[in-house]
Structure formats: structure tokens, C-alpha cells
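There are 2 protein chains.
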Amino acid sequence: MHSLGRSWLLLTGFILFYVIYLLFGALMFSSIERPVEDKLRQEMEVLKQEFLNQSCVNSTSLERFLVKVLTANKYGVSVLANNSATSNWDLTSSMFFANTLVTTVGYGQTTPLSDTGKAFSILYALIGVPFTMLVLTACVQRIMCPLVLSPVSLLQRSGMEPRPATFLHFLLLLLLVVLCFFVVPAAVFSSVELSWSFLDGIYFCFISLCTIGLGDFVPGTQPGQKYRQLYQVTVMVYLFLGLMMMYLLLRTFHKMADLHGLTTFLQLPRCDESDLEDDREPIIEGKPEDQAPPYQTEKEANKHLKPGSHPVYNTINSG
Amino acid sequence: MHSLGRSWLLLTGFILFYVIYLLFGALMFSSIERPVEDKLRQEMEVLKQEFLNQSCVNSTSLERFLVKVLTANKYGVSVLANNSATSNWDLTSSMFFANTLVTTVGYGQTTPLSDTGKAFSILYALIGVPFTMLVLTACVQRIMCPLVLSPVSLLQRSGMEPRPATFLHFLLLLLLVVLCFFVVPAAVFSSVELSWSFLDGIYFCFISLCTIGLGDFVPGTQPGQKYRQLYQVTVMVYLFLGLMMMYLLLRTFHKMADLHGLTTFLQLPRCDESDLEDDREPIIEGKPEDQAPPYQTEKEANKHLKPGSHPVYNTINSG
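Protein chains in written order, with this note's numbering: chain A, 1 to 319; chain B, 1 to 319.
For the record, the hints were derived by calculation from the structure and aren't laboratory data.
One should not assume that every hint holds.
Derived BS3-like pairs: lysine-lysine, alpha-carbon spacing no greater than 25 Å straight-line [claimed, not checked]:
#: 1; chain 1: A; residue 1: 74; chain 2: B; residue 2: 226
#: 2; chain 1: B; residue 1: 74; chain 2: A; residue 2: 226
#: 3; chain 1: B; residue 1: 74; chain 2: A; residue 2: 74
#: 4; chain 1: A; residue 1: 68; chain 2: B; residue 2: 74
#: 5; chain 1: A; residue 1: 74; chain 2: B; residue 2: 68
#: 6; chain 1: A; residue 1: 74; chain 2: B; residue 2: 39
#: 7; chain 1: A; residue 1: 68; chain 2: B; residue 2: 68
#: 8; chain 1: B; residue 1: 68; chain 2: B; residue 2: 39
#: 9; chain 1: A; residue 1: 74; chain 2: A; residue 2: 39
#: 10; chain 1: A; residue 1: 39; chain 2: B; residue 2: 74
#: 11; chain 1: B; residue 1: 74; chain 2: B; residue 2: 39
#: 12; chain 1: A; residue 1: 39; chain 2: A; residue 2: 68
With the hints as extra help, turn the sequences into a complete structure.
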């Protein structure tokens, strides 16, 4: 129980730090990029007026104008009249950008304009990406019991064999994820976003939750979006929960593949053996002098791999 | 030796299938998207001519023209004169797109225009993303021995303690990866791409190899790029090798964190125990009647976790 309490305390700490890190990122990106964006936006406004004021538009002047328009657009600065009011670097949008960086989704509909912004993006992601992976892993670790271990145990107690039980459980979990994280959100997105079809919604959910993040569909970017900031925060929460469920699916599949002999057949690493909160004790309480080399060469390791021997990492008392 | 041979045969099969899958994707994307792109490109050409031919450019007509220009640009179709010659959906560019889909980098400088293209992207990534993860895992599995196990073993044989040895090895590996996959490629990119600084190169390498893929910098997209197709293929190979090395770094770090007690302290899953080609045999040769439930609830699992007991997955003979 002590360990269980510590486990939840750790998780709360992780999530709290994650939110603080996003807020810190939002503040930094906003303060670095907003002035640069404002300047570019003003320049584009002047350029547009100059273009409109010229008596005769020729091919060369149009080309020159379009090059600048498209370059500004690459950085998320639009010259369109109804887009000029909303900044890409207000606090919520900056937080949304920070979130797409650390989750590696990276839509790229907004990108840093300045060299300082680019350098900060590198540093921010350098810490943020591994930390987000850690938070997601910790969350998945905690939901393994209610969503994987208990249901499979229940199926088995109802008389199913282990392998069909894990297969059926995986199918049910897949169905749940597809419904709650693809079909329902896609329906919501296609009703909130005026120009999105249901297929666009599904496409967005899939491209986002696989962390591909092409950025051709990004929620909350249409002009005059109601409650834009609340909407962006909701999308961030959706992304986090969605990624967590995708990772859970992947781990469950990996465990099932282990059990069905697929990883052994394909000579790939097995899923880790221990998933529960209390099973962190080294299996052998080795004395320091028992320590084996940590990474062994093939020949050396094979000596240990007779039936009944233990994997080399377990022989080191890492506590 | 038989197992070693089978292991390399499997790896060769994986890589061969990966290349075939990319070629298949390239063919499909090219045949789906090229006609739509050509149509849009022609429409944009007509629109541009119409815009140039009008006697008076006013704010409304410019706005209407720019909306269409920016929409086409979102799909990678540029109205600029020097960009109109190169297609985003020729065979190499389609393969590049397919590659950014399956590796989850997803630059998004080119995105599918048609609904068929979007639906195919989902299906293609649905198989491609897990398969690419599998190929990368298989590759990392094979390079663990020469790049991690042997060097650490060597450091230990020279008299170092296990923990400092793994730490020093990790630092050396990190330095190697930073040099070969960040500094050198960034220098190459900044000399090949006319508008890129060295920082832009580093930023591109980092954003790509973290699979964020914002898409503000994409190699081979400048007009009149020499040997563009060869260059794109080289970038694809770089991305694959880079992702492999990032994954190797991550696994080495995970192993080191295990050894230093970090994963235990943070109550996170340990890296898998077995990394070598021949260690796939179940540790206990369990008879069918010995089978324990595959996923156990906390209470049940704890019964097994006395010192000397074995993790539950190992008790199932998965052969």
C-alpha cells in the first residue's frame, strides 16, 4: 500500500510537471515569437497595401508579392483579412505548439520564425520529448491493471484459455479505442470545424495519434472560431489521452505477440516481463560480488541462458 | 550459427519488404494524387492569368485570389513560376512522402489532395507504421552487439566497474550519434540547400530524427535542385539510419537507467532483459499444465514475486 501510494504520488508529480513544462514552453515561445510575428504581420500588411495601390499589376510584381506571401504563410502568418486578428503565438496557441513538439506530433502549421525560437525548440524538445514519453509510460503502467490485466483475468475465470482470452481482450480494447478516440472525436471535429468532412476527422485523428502530424488539418485554426482557447486545450487533452491509449494498445499487442510466440519467431525483443506496481524487486537478491557484467557479448550471455538461469540484468541488485 | 543465419535472413527479408512497401506506396500515391495535382496546377495557372489580365485589382479580388493560392499551397501546389515544373507526386517524391508517413516524421509540405489519397494514407500508415517500427527494432537488435554489448564488455575488461563503464559508453555513443547524424549532415544540408544556415540544418536534423517533422525545412524542395531524385533517396536513407540510431540511443539509455536503478526508482517498466539472438528459449521449459494466466491481477501476480520466482510471461512455453 505504501508503494501504491508512492506510485500515484509519482504519477501526479509527473503530470503536474508536464503541465508546468507546457506552460513554461508557452510563455517562452510566446515571448520569443510574438514580437517577430507582429513585425512580419505588419510588413505583410504594408506589402499588401503597396501591391493594391500600384497602378498596374504585372507578372513580375505579382511573383515578387506571392513569394513573400507564401514565405510568411510557411511561418503561419496569413495575409488574408479575416486571419490577421488571431495570433499564432498567444499563450494558448504557444502551448498548443509546445504540446505538438513534445508529443512529436508536430503539425507545423505554425513554426518558429526566429533563430532564437528554433534553438529554443531544439532545447525544449530535447528535454520535453523524453519526459513526455516517460509520463505516457507511467500513465500506461497505471492503467494496465484496470484495462488489461483485470479484464483478461476475468475472461479466464469465465473459462477461456489464456491465448484466446488475450486475443479477444485485444479485439475489445481495439474496438473501444477506435470508437472513443477515432469515431466519436471525428464526428465532433466534423461538426465543429466547418470545412471538415467525417473522413477528414478520421484522417486528422489517425494522422495525429500516429504522431505523423501532417498539419493539413489542425483544429481551431478557422477564422472566428468560438471559444478557441478552450477548444485548443481540449484538443491537447484529447491528444495526450489518445497517445496514451495508442501506447496501451501497442503494449497489449506486444504482450499478446509474446504469448503467441510471434516475437520469438521474429527474433524481436519481448515486452518487459513486469507490469505491476509492486514487482520492482530484483528477482535474485544478489550480493555485490555476484554482479555480472551489465551488457554481455553474445558468447558470454549464452552461458547464462541455460534453462533455469536468469537474464543477466536481474542478477544485478539495482536498488 | 543456424539461428544467426536465420536472424540475418529475417532482417534482409524485413528490409527488402520495407523497400518494396515504399515502392508500392510511391506507385499508389503517384497514381492517385498526380492527376488531381495536375488539375489543380492547371486551375491555378488559369486563375493567375485571369488575375493578371483584369484591368483593376481591388481588395476583394486580391483576397479571393489569395485564398485560392494559399489553399493550393497547403497541398503543396505552388503558383510561383519557378516551382510549377516539379511535381510533388512523381515517383521519388511520392516515395519520400510514403517514407515520412511510415516513419511518422510527417513533414506535411505535401499532403494528399483527394479523399482517396487521404483514405489510402490511413490504410498505408496503418500497416506501414507498425511494420517500420518492427524493421527498426530488428535492425537495432542486430547492431546492439557491435555497438553496445562488445564496447561495454571491452571497457570492463580494461578494469572499469559495470556502472561507470555503461555511463562512459553511453556518452561515447551519444557523441558518435551527435557527430554523425547531426553535425555532419547539418553541414552538408547547409551547403546543399542555398537558403539554410548551419542552425537550420541542425534544427532540421533534430526535428526530423525526433519524428516531430514540422516541415518548415524539407530538403530537395528548392527550385532547380540538382540530382533531386538521388538527393531525396539519400535523405530517406539518412532518416532511416538516423531513426535507427536514435532508437539505439534510447534503448541504451533505458538499459543504463535500469542498471543505475532509475527505472526501479521511478516505477517504470525495465528494458527487456534479452537482447541476443539465441536467448529466445523460454527460461522454464513449462509443460502445458504449468501454464499460468497470461495477464494477472496485482494480487495474483504478487504471489509469484517472491525472490527466486519467475515473471509470469516466462512460465508460458510460447514455442
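Q | Pair hint residue 74 (chain A) and residue 226 (chain B), alpha-carbon separation not exceeding 25 Å | A | This hinted pair holds, its Cα atoms lying about 23 Å apart.
Q. Can the restraint linking residue 74 (chain A) and residue 39 (chain A) be considered satisfied, given a maximum Cα separation of 25 Å?
A. Status holds; Cα separation ~15 Å.
Q) Taking 25 Å as the top limit, are the C-alpha atoms of residue 74 (chain A) and residue 68 (chain B) close enough? A) 15 Å, holds
Q) Hey, residue 39 (chain A) versus residue 74 (chain B), does the alpha-carbon distance stay inside 25 Å? A) 23 Å, holds
Q: Would you check the hint for residue 68 (chain B) and residue 39 (chain B), treating anything up to 25 Å between C-alpha atoms as holding?
A: Cα-Cα ~14 Å, so holds.
Q) Is residue 74 (chain B) close enough to residue 39 (chain B), meaning Cα to Cα at most 25 Å? A) 15 Å, holds
Q. When you check the alpha-carbon spacing of residue 68 (chain A) and residue 74 (chain B), does it fall within 25 Å?
A. 15 Å, holds
Q. Going straight from one Cα to the other, do residue 68 (chain A) and residue 68 (chain B) come out at no more than 25 Å?
A. With Cα atoms ~16 Å apart, residue 68 (chain A) and residue 68 (chain B) stay inside 25 Å; holds.
Q) Under the criterion that the straight-line Cα-Cα distance not exceed 25 Å, is the pair residue 39 (chain A), residue 68 (chain A) satisfied? A) 14 Å, holds
Q. Does residue 226 (chain A) lie within 25 Å of residue 74 (chain B) when you go C-alpha to C-alpha?
A. 23 Å, holds
Q | Distance restraint between residue 74 (chain A) and residue 39 (chain B), which requires alpha-carbon spacing of 25 Å or less | A | Between residue 74 (chain A) and residue 39 (chain B) the Cα gap is close to 23 Å, so the pair holds against 25 Å.
Q) Can the restraint linking residue 74 (chain B) and residue 74 (chain A) be considered satisfied, given a maximum Cα separation of 25 Å? A) 9 Å, holds
Comparing the model with each earlier hint shows no violations; every hint is respected.
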